[in-house]
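Colleague: Whole structure, please, built from the sequences with the hints as guidance.
So the protein lines, in turn, are chains A and B.
All letters in the first sequence, in the order written, are residues 1 to 732 by our numbering.
All letters in the second sequence, in the order written, are residues 1 to 146 by our numbering.
Keep in mind the hints are simulated off the structure, nothing from the lab.
Errors might be hidden in some of the hints.
[As the list claims (entries may be wrong)] Keeping only pairs whose Cα atoms sit at most 16 angstroms apart, straight-line, the calculated EDC-like set for lysine to aspartate or glutamate is:
(1) K614/A with E578/A
(2) K418/A with E471/A
(3) K57/B with E100/B
(4) K6/B with D345/A
(5) K385/A with D104/B
(6) K560/A with E654/A
(7) K614/A with D526/A
(8) K60/B with D81/B
(9) K119/B with D526/A
(10) K60/B with E604/A
(11) K119/B with E97/B
These figures come from a predicted structure and were not determined experimentally.
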Amino acid sequence: MAATVGQACLILGVACSAYGVGASLLGARRGNERMIVSGRRALYALFGLTAIAFVILEVAFLTSDFRFTVVATHSSTTTPWFYRLAAMWSSQEGSLLLWLLLMSAGASLCVATLRGRLRDVAPYATAVLLGFAIFFGGLMLLTASPFKTVPVGPAEGFGLNPLLRHPSMMIHPLMLYTGYTLFLVPFAFAIGALIVRRVDAEWIRSTRVFALAAWLALGTGIILGARWSYVELGWGGYWAWDPVENASLLPWLTGTAFLHSVMIQERRGMMKVWNASLILATGVLAILGTFLVRSGILDSIHSFVQEGNTIAWAFVALIAVMIASSVYLVVTRRNNALRSDARLDSIFSREAAFLLNNILFVAVAFVVLWGTFFPLISEAVTGNKAAVGPPWFDRYTVPLVLLLVLLSGIGPVIAWRKTTVSRLWRSLRGPVVFAAVVGVLLAFLTTAASSPASMALFVFGAFAIGVSVQELWRGMRARQAMTSERALPALTGLISRNRRRYGGFIVHIGIAVLFIGIAASSAFQDVRDVRMGPGESAVVNGYRFDYVRPTAQIEEAGGKLERIDLGSVVRVTRDGREVAILEPSRGYYPNMAPMSGAVSRFFEGESTSEIALKAGFFRDVWVAESPDISRLTPVIERGDAVFAKADRAGLSGEARSIFLAEALASLTDRYRDAPPPAQFRLIVSPMVFWVWIGSIIVFAGGLIAAWPSLGAVRDLVRARYAARVAQDLKRA
Amino acid sequence: MNPARKRQVRLVVFLTAALVLAAALAYTSFSSASSAVQPSQLLQTSNPGQSYQLTGKVEKGSVVRRRESITFRVRDRKGSDSVVVNYAGAVPDPFREGREVIIDVKRAGASREVFTGEKDTLVTKCPSKFRDSKTDPAGMPGTKAS
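Modeller: Have a look at this one:
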């Protein structure tokens, strides 16, 4: 019954979307307000129907209703309830439903808040957004319905992929999809604005908060993914230039460029072609990101689907349509609607700095796009599939990022239109001196100079932080002089009066801190892979790691075995002083294949590293362990044979469970008593903590900038009132 | 120089610079890329010192762990040709015998059969890709164990 209701919601949602597209387009062409309103309501209805379908599926996951095929293949009764909630988006079907829900929620919110504004643009934007809904709803109905059921469900499900059992994995996909879908809102409004040739700054102002929210959500998703990689994947890094990581970075990069360049259009009426092109590209890249995760077209650890699925061609068609219509609209409007109101006065101006910043962002995006799709490019050109690795990406992105960090310091303080070198120097001399002092201290007191690129990033980062702090300080002092407030109220008052400007400065501080962390942790990380038995030790960068003793235990959930943990206790010391006692382990999850042996299935399923970490402000000590279970294999095989014989003899289910529990307990005892040497990855990495702290600062700054100001709310209320008066007058 | 001419010159300079940089990008990507090959292709044509992106399945019973490295055989996805890979670096969680891996390798020496894996390049495809899509979930047993 529930599945039928869910499926009906999907069908009705697609029907509503199709109706909404027709009503919005016809209403816009004929100037029929009632049809436009009806189209808008179709969007709200889509959101309501998708929300019902989403709740039905979540309830099925929570209650382990294995009649739903998607629940049986992606969850189990041993999966903790909070991971069951998130298990939905580990599946193709569930993630498509989540995508549709987030898109319809963001679109409904935008269309509802803009009621009365952009009256000519909004119907076309609504039609575009509903077009996306038809695509994703259609995909679910035709190829990947989350509401497929079997009459009698299995006793147990496959369970959530153990790699995904991490708190950040519950939020990471949610944030990425929120970012992707919210970027489609300004995309749709850009299409609408181009169609009606009303490409002034109004559509940008009206959708700016959605672009900023999309940027913030996508950035948060990327960082959560990096954190997951660092603490869950067992290799000790947080970025590997993997195609799916890159896919999420691409719209973030072009979106960042867009958020900077729109300021020029708002202020000077310049760069209209560029801004329209940027947001259209960002929309296309957002769909491309979804496509890469869901299609499996490029080899990636993060692509949680099977290869060769049929939705790839549907996505290719959608992307082709998006690119073709975007190019057509920009090219046909470039000489009239998109003509700039002003010209660049000087290369010593904020406009020029922002333009350079945009070129650099787009260059980084191009490098990442090229490298990501290089396997397909090389196959098309040479017939041979070849891939480029992290060194290739680093070769191009590092210098571009260095320039971007430097520009993040110069751009915000350079004057609009034109400035002089002496005036610029007056604004920058404090931060330049600060950066120089930092550079000299690092060169003499640390080994930072051994990596020139990292050294440059430290200095440029210090400069960018210096500029932002200086601007906040100057603003606060000026406010104190005017209002006689104390420092903190003056600072918060300053920020709340101009959230966009000062939120931006906080973002710049966070970005600089984040890149300093990246530079330090990637250039000065010490890694050692070593095989150790109990009593043995290894030294990494002055830290001594002693394998003290093995650990082994059975983890249960809901009275059933969830996994077997095999690990160790490792004591870390430096100069004889204890730094930490770490307990890395590896969790072995049961294999659900019907043909697996009674005992061996507990070691043949997935296994994941549970890394042990001592995080510090300046240094992280990180340990992952991969136990050697080969010595247990003969015992496991004997156990399989015994249980197979007992099963044939008619062993009851209850007795089987008891004997199996005993057998597994004796196996873990055996491992604890005589453990073979295990493989360890030992890492001492400086300043990884700064990456996470920097990200939090960026998030805080972004939130401040995105938070609607009192003035914006007032404008919205006024616009609504004006629209109502206009409607009343029309009726009268 | 009149402003329109100046703008044209700027545009030409900018586009030329972009073109040169794009050409450099394309050239270096082709010259530094690792060709994706299977063991049978490596056995036929491999040059010492050249990097290849090897894909294939880890042969059952071939994994040998040493103090700072592991050795395993990679065989064709569909076929029996295989090569030996000595590897030191992070071993992904899903790595195990019978699973498909991707790893950047270089020929170790004169032997056409032995290769050295480049540090931290071993990727095991996501486990969900190994699930038999035809498996009927209704056929799954319960996991009551303790």
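Colleague: Against each hint, give a clear statement of whether it holds in the structure.
Modeller: The hints, checked one at a time:
1. K614/A with E578/A: holds (12 angstroms)
2. K418/A with E471/A: violated (20 angstroms)
3. K57/B with E100/B: holds (4 angstroms)
4. K6/B with D345/A: holds (12 angstroms)
5. K385/A with D104/B: holds (13 angstroms)
6. K560/A with E654/A: holds (13 angstroms)
7. K614/A with D526/A: holds (15 angstroms)
8. K60/B with D81/B: Holds: K60/B and D81/B sit about 13 angstroms apart, inside 16 angstroms.
9. K119/B with D526/A: holds (13 angstroms)
10. K60/B with E604/A: holds (13 angstroms)
11. K119/B with E97/B: Violated, at roughly 20 angstroms.
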